[in-house]
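> Taken in order, these protein sequences are the chains called A and B.
Just so you know, my numbering puts 190 at position 190 of the first sequence, and the rest follows in order with no gaps.
Just so you know, my numbering puts 1610 at position 610 of the second sequence, and the rest follows in order with no gaps.
One should not assume that every hint holds.
In silico negatives: residues of chain B with every beta carbon more than 10 Å from chain A [unchecked claim]:
#1 T1060
#2 G1062
#3 D1063
#4 L1128
#5 D1374
#6 V1393
#7 L1536
#8 R1550
#9 V1584
#10 V1600
#11 H1650
In silico EDC-like links for lysine to aspartate or glutamate, alpha-carbon gap of 20 Å or less [unchecked claim]:
#12 K517/A with D1063/B
#13 K402/A with E1057/B
#14 K63/A with E170/A
#15 K517/A with E1057/B
#16 K1551/B with E1473/B
#17 K1383/B with E1473/B
#18 K1608/B with D200/A
Simulated from the structure, these hints should not be mistaken for laboratory data.
What you are looking at is a predicted structure, and each value in this text was computed from that prediction instead of being measured.
Glycine is no exception: its CB is placed at the ideal position from the N, C-alpha and C atoms.
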Amino acid sequence: MSLLSTLIFLPLLAGVLILVMPSAWQSRFKYVALGTIVIQIVLSAFMYMNFNADLAGVSDQNKFQLVERLPWISIDLGGLGKLQIDYFLGIDGFSMPLLVLTSIVMLVAVLASWEIKTNLKGYFALFLLLDTAVMGVFSSLDFFLFYIFYELMLLPLYFLIGMWGGVRREYAAIKFFLYTLLGSVFMLLVIIGLYFSVTDPKTGSHTFNMLAMMDPANYTAGSIFSVVSKQMLLGVPARLLGFIVLFVAFAIKVPVVPLHTWLPDAHVEAPTPVSIILAGILLKIGGYGILRICFSIFPDAAVQSSWWLGLIGVVSILYGGLNALAQTDLKRLIAYSSVSHMGFVLLGIASVTPEGISGGMMQMISHGFLSSMLFFLVGVLYSRVHDRQIPNFRGLALLMPKYTAFVMIGFFASLGLPGFSAFIAEAFSLIGAFTSENVNGFLPRWMAVCGSVGILLSAGYLLWTLQRMFFGETRLMGGEEWKLALTDVNPREVIALSVLAFLGVLLGVMPSLAFEKMNSAVLELIRLVNPQ
Amino acid sequence: MLAAFLPLLTFFISLFVPVKPAGKGAAAIFNIGLSLILSGALFLKVWNQQSFHFRIEWVTIGDFTLYTGILLNNLSVLMMLLVSGIALLVHVYSTKYMQGDPYLHRYWAYLGLFCFAMLGLVIADNLLLMYMAWELVGFSSYLLIGFWFTRHTAVLANKKAFIVNRIGDLGFLIGIMITLTQFHTLDLTELFGSNGLVANAVVKGGMWQSQAGMMPAGWLTAAGIAFFLGAVAKSAQFPLHTWLPDAMEGPTSVSSLIHAATMVAAGVFLLARIYPLFGDDVLLIIAITGAFTAFMAATIALVQNDIKRILAFSTISQLGFMMLAMGTGAQAAGLFHLVTHAFFKCLLFLAAGAVIHEMAHVKDKQGIAFDPQDIRLMGGLRKRMPVTFATMVIASLALTGLPLMSGYLSKDSILINAFEWAEGHSGLAKLIPYSALLTSWLTAFYISRLIFKVFFGELRLEQELLVHVHIHEAPSAMKYVLVVLAVFCFFPAFSLNPFLFEDAWILKGFPVTDSMTRVNLFHTIIPLAVNLIAMLLIFIAWLWYGKQQRKPDFSASGLFRFAEGQWYIDQFYTNVLVSGFVSVSRLVYRFDRVVVDGLVNIFARAAKALSVMAAWTDRNIVDRIVNGAAYLTGQGGRFFGHFQTGRLQHYFVTMLLVVLAFFIYKYYSGTI
């Protein structure tokens, strides 16, 4: 079995193993999960080391790496041709960094799962199933397979939030589920439309192969999404409509304003490890989908809509930042800051410049580490006193100095202090957006200027929180009882936090570790979207 | 390069190596001392000789490769020497000043981080690297201002400092974006070198054109203003000056190093680095901002009572002078003043720190609650702290700019340049040199007020609280630092000729704009006017505050209160801008909850209502129809079941009826 399949199905196997283990061993489940994830990290590290940065990927199967392609479902439909779905995996400069990110964030999430006390068998089985689904999403190149993994993520998440969450967990879970489902139902229609428009040049039958969908030559003349025939659907060019539908599906995940309201609720109600996975990985699936699917399959529509995408990005940055400023719940604050930070991803991608797309990718990776760190930190506090209202705490620095040090690292890293990854990411997203007018004329310069105000806002809400909760004389709402409960971070927490902090600094000082691996893919995508 | 990284080593040693605080202090001093020696060596090698440029590839994105490295030329080696020199003195001073603090190791760590960032800032060879160091400097300043993090005012102050500086950083970042778009490089030498890209770019037909691209001409001005905004925030110029007085919440040693001598000068340094970018309109803005800030801050300094606040406003005012020099084309004069100011202002702060140290000591020992920084409670310290007194007087004379002092040379060079520059300008620009002249007189008055109030007369603390207190000279580690700094307040350190600034060696190291004609008249009249009136003002201050003679009471006048309230700028920011911003954010959040989320909920509710309706329809209509059909069938079956009686007579009767009915039907329809 090859590397990618192992990476995907190893957690599933471990999940099954946990299911068949007797419940009396439930204290060992977490070690099984931890062991699985450690193996996964070793595998993905191996994958990172051996990744050939010169191979671009994007639309050419020969330039993908670790490709696995097996016929999976093949039905002869007589007059309709042959239904062919492949088990088709492969990685390029866009998916590889996100796979590595996934395995690292999963490690942190497992370490945060130590706080889960009820129904461990179900919890870890679902957790590992989720891992499988995410890995599958990032490595599949067949749209049908992608969709299966994409939907498969929803199921464990729904139960993880709905069963192990906070007070309003059912509301949050159902909201999350319906929101995402809404996007993906329409996505399915577009997938079917694409299927009937595209034929595989080799076999001549219709195909779900994403790479085939990226080549205009593979579209049957007169088909709904054909590049040449410019079909109209509901008064809108069909390709533009297809792009919009797919974009909305992924935009819900990112999330962008105004499709973001599931996020604060889901984050606040979810248990800490699930918040970490949500913020650290799931949001990235949105950005990844926009790059891999929206931009690559509908490049012409992407060019047409880039101005709007940029605008949505800027609005998300500012709107998320302003909302974060108004929060009194620490977790909700960080949730809104995610909205703001993910806006940079969209702004960078919309610019279709090397700086912008690389910056956007970097922001996804960086936000993956840093938001995981922030949610982990909130979890540390919440697990001790079951409260996270900002006004209820004061002067925590005296009580928990190490914890405060980590909070400061996390806060300053995510407000974009140079030396941390977020700085590089935000700076390059903005630079990309700014140069866009000169390079390709997609985004006006004022968007970058407005977007940069987001950096100021993030300094505002994070420092204000720091001042209110951590500095000053200690004063807690729970009095002496809390004082005893609020012990400083333990070794397990230190390990998880240090890993994240280290990666944040590493990518901030040596950003080429990530840029180098994705550069050729970024250039290839730009060539595909905007051939000049 | 090693020189810059040594303080970073201090940072790590202090944080992670478990040694006693004293050992960490020694290590920190050793590192910064080594930095100084290396800086000295580099200075001798580079000053007025070939500049040194070393760079390596950092990131490649697309076809664009960003290099990173160090650039040593006259400007950077001078700044290196200055920063490491003053930092060393402050390190030594801190061993006593901060003694016994429970978080001393953090102090050394933060100080190390600051020195690293500051040295990195001055040797960076490209704008992005410089920006990174620029922000790190701000960050370490944040840490140090909030060093006593349990004090509410301190943490408010460091938050404010960071956020206000962030506004400037935005400007810097936007400037970088414009430069990168226009020239495709951020390398300082390529951009601003003698035959660099900026110099070769021209404005033609409303477009700003360079070899690499072009933009509308407005962006050239925008770039200048954006970079200047960065400098305004860091160098505490109007309207972003309000963070600096609050930053005095940090330890005094920190104030002297960061908020007087080095970091705040970074704005001036930035302007010097990218000078060719500024067009005439931006230079005029710089000059006006500088002149206005200098004047405003000096008026505020006249009436403050907190010793550190007076010095803080004095710093703002002096930075205004440097900005003014930059704006009037006297780049070299501005840098010269930067260097001389660094020494005497650092000395003023450290001497004030010695005083505060003693006062705070009294406060702790006697257990009386009073503000150890209030000059109204001081007085007569001349006899109790003679060395502190002498050195502080020297620094004050340098600040005032009296002959034989370093400040005389640098300040006069700025003033004379400003007058010469004004010759070529008209309108508002004519006012600038006069306002600077006025400001320099105000300087003489406020600093002598400070000196006389603190060191002359009787100790008012004793008089007011009726206690007897012990105040003595600062410990030797602090005392010697003061003496060393005092030496650098005299002219020989900068020029062998005490009266002619043009002989100063620093001025010769930088390009002098020779477009202006030397007006000899100015060179005699201005120093004379400055000094004679300054002496007069010092004398008045002595009468009022030293001799305690009757003085006019201004405290009720509007102007006095306006100055005391710091022109109400800070209040305006807090009450209008900050609270406005917070209200807006609350409003946006409510919008998010009520409208955006509300729509989602309405959507959900509508869907739910629809489904309830569907369920009702299903139950009451569709199901009724189905049930009705079943019922009818049942009833029908039952009805017809009645016919199946099994009696032959019934069947005959029925048959007869049917046949009869058939014939009747046929008969009437008439078709057989």
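> When the structure is checked against the list of hints, which entries are broken? Sort them ascending.
Checked against the structure, the hints that fail are numbers 1, 2, 3, 4, 9, 10, 13, 14, 16, 18, while the rest are satisfied.
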